[in-house]
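What follows is the residue order along each chain.
Number of protein chains: 2
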Amino acid sequence: MKKLLNDPADAVTEALRGLAAAHPELSVDVDAKVVTRASGPTRGKVGLVSGGGSGHEPLHAGFVGHGMLDAACPGEVFTSPVPDQMLQATRAVDGGAGVLHVVKNYTGDVLNFQMAAEMADDEGVQVETVLVDDDVAVVDSTWTAGRRGTGATLFVEKVVGAAAERGDALGDLAALGREVVERTRSFGVALTPCTTPGSSKPGFELGEDQMELGVGIHGEPGRSTAPLATAREIAEASVAAIHDDMPLEGELLVLVNGMGGTPLMELYVLVDGVRAAVEGRGARIGRILVGDFVTSLEMAGSMVSLCRLTPQIAELWDAPVQTPALRWGR
Amino acid sequence: MKKLLNDPADAVTEALRGLAAAHPELSVDVDAKVVTRASGPTRGKVGLVSGGGSGHEPLHAGFVGHGMLDAACPGEVFTSPVPDQMLQATRAVDGGAGVLHVVKNYTGDVLNFQMAAEMADDEGVQVETVLVDDDVAVVDSTWTAGRRGTGATLFVEKVVGAAAERGDALGDLAALGREVVERTRSFGVALTPCTTPGSSKPGFELGEDQMELGVGIHGEPGRSTAPLATAREIAEASVAAIHDDMPLEGELLVLVNGMGGTPLMELYVLVDGVRAAVEGRGARIGRILVGDFVTSLEMAGSMVSLCRLTPQIAELWDAPVQTPALRWGR
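Chains as they are written, first to last, in our numbering: chain L, 569 to 898; chain X, 569 to 898.
Quick caveat, the hints were computed from the structure, so don't treat them as lab data. Everything numeric in this text was worked out from a predicted model, so none of it was measured. Be aware that a few hints might be false.
Identical copies go unnamed one by one, so any copy, or any two together, can satisfy a pair.
Taking lysine to aspartate or glutamate pairs in the DMTMM-like style, the calculated list, with each CA pair at most 20 Å apart, reads [as the list claims (entries may be wrong)]:
| hint | residue 1 | residue 2 |
| --- | --- | --- |
| 1 | 613 | 819 |
| 2 | 613 | 652 |
| 3 | 570 | 819 |
| 4 | 613 | 736 |
| 5 | 570 | 777 |
| 6 | 570 | 804 |
| 7 | 769 | 696 |
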């Protein structure tokens with residue numbers, strides 16, 4: 569797989585240097601691999617920290633800014649960041665009201681964030697954690713006990729970020745984050761595999777007429793390898809898998825997410841199918857985001873995330889946000 | 569090439585249906601293939617219309633909204649829209665102050681927009697045209713006499729769109745658009761080819777260790793097929809090609825654009841190289857946009873566009889914009 573890189577071993581560091589060059593509103597500690605708002609911690613506001621392996625951009629560093637995260641810690645590609653990064657980020661965003669960790673459910677991330685939370689606690693910083701495990705495809709996958717965390721992470725970071733901005737307390741934010749996770753389910757499909765920088769071959773194999781149903785965001789196996797289907801069938805299969813797990817009703821917050829290598833035109837074709845599949849079950853699209861937000865390097869494919877909206881979640885979703893990858897309002 | 573589609577012949581129509589489902593702030597005439605603001609024409613404001621072949625999303629329909637375009641006409645994939653589409657769009661956005669056509673320099677687009685402008689003129693709508701031809705790679709390419717129009721199109725649509733919003737007159741907007749084109753140059757590189765929906769093979773071929781320097785946004789041949797280089801070398805080659813044609817100085821508006829199949833992490837690695845190459849020539853990044861904005865389906869690769877800023881262009885770039893693909897301010 570051809571890549572636009574220098575030494576593959578420097579990919580994350582150099583991408584962070586590029587991030588710093590492009591976004592002066594962020595403070596990027598390239599050596600420690602910690603990204604915070606350049607404005608520093610907000611006094612009296614709960615700080616929001618997330619992080620995880622690189623290769624899912626814009627998640628998480630692209631979501632640092634007003635109305636969303638206070639800090640992100642990128643690990644190496646598809647590798648958990650280390651506790652020291654998380655601790656540095658936690659200290660940096662502590663405004664005296666505690667810090668919330670948003671953690672995708674992968675064993676390495678969970679253990680490292682837990683260790684960082686304990687170290688922060690020893691230093692007198694109160695930390696709560698929201699664990700994201702929205703992927704209905706499989707239970708107990710590669711690197712995961714339980715369900716994997718995927719698209720719901722973006723919803724949690726946006727919704728809880730807005731609530732933190734208005735001054736909600738740490739315990740309330742943790743409860744809100746868990747409510748968003750509880751109301752969200754995701755399902756991904758891969759048309760092609762992806763290759764980590766420096767590897768000579770893809771993480772898995774797919775035949776020329778095959779797709780992986782229920783793929784994870786690191787290319788972990790899903791439910792089955794199946795013959796390549798149409799966009800309509802993929803939309804229907806994704807929404808059906810979610811509906812079987814959490815009956816859909818009312819207004820939904822929808823993410824139609826590209827995995828990195830799928831053209832935007834194809835994602836909009838998928839949106840047409842998702843709309844039909846959702847409406848066929850008596851629900852409807854209340855809010856929708858279409859594009860590459862939680863990616864797997866250059867993987868072709870899609871992930872659909874559906875959150876059953878409440879008036880409060882909708883209001884917080886609509887609130888202003890100013891980050892590199894998500895911007896609206898004000 | 570595997571694609572997330574139903575019948576490839578319906579790709580553009582179904583993507584427009586998806587666009588309509590996702591963006592109620594747009595009015596999408598799926599049959600006629602014309603996208604306008606749902607709010608209708610603004611009385612006394614010049615209407616801005618662009619269009620071109622599909623496959624470059626979010627260009628152009630993703631740039632319809634306050635502060636940017638009033639209408640977009642998508643053609644079939646890599647195929648010019650027809651004069652009737654352009655005429656319908658022109659009529660739809662006429663608020664009594666005339667209509668500006670923003671046209672990328674491809675022979676089909678140029679002829680069809682010219683015909684539409686004449687028909688609109690016959691109906692009493694005054695039309696001016698800004699021709700975009702910023703690609704320094706080659707002269708007289710496939711489908712083009714002169715230079716190709718690429719990344720500068722986004723700059724023209726944003727900057728002129730902001731000026732139209734504040735009430736500038738048609739002639740002034742045309743002059744401003746030409747000034748932006750005059751001050752902008754672009755250079756693209758392909759790491760992989762792309763395949764149009766329904767085709768059995770890619771539009772061109774590249775060996776496993778090759779790249780195409782100066783590629784066009786439809787995969788047209790560039791200056792040379794060369795051994796795959798590093799991101800630093802590609803950034804240097806892109807900036808050098810631009811600097812040779814238009815000496816760089818002062819503050820630049822920069823687009824580091826993905827062609828559709830390149831991960832965002834790699835684009836940020838490229839940003840690091842572009843910053844070094846620009847600063848090495850005594851110029852600096854004043855504003856920058858990083859992501860997939862002017863694409864070639866699933867092509868892996870990059871395009872760098874550099875515009876020598878003036879205070880006026882910078883101010884108009886910073887002005888509020890509310891479109892599906894570009895949103896900031898207010």
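Here is what the structure says about each hint:
1. 613 x 819: Answer is neither; intra-copy 30 Å and inter-copy 36 Å both fail.
2. 613 x 652: This pair counts as neither: shortest intra-copy Cα distance 23 Å, inter-copy 55 Å.
3. 570 x 819: Close neither inside one copy (42 Å) nor across copies (32 Å); limit 20 Å.
4. 613 x 736: within (8 Å within a copy, 43 Å between copies)
5. 570 x 777: between (22 Å within a copy, 7 Å between copies)
6. 570 x 804: Intra 33 Å, inter 18 Å, cutoff 20 Å: inter-copy only.
7. 769 x 696: Answer is neither: 39 Å inside a copy and 52 Å across each miss the 20 Å cutoff.
Against the hints set out earlier in the document, violations occur for numbers 1, 2, 3, 7.
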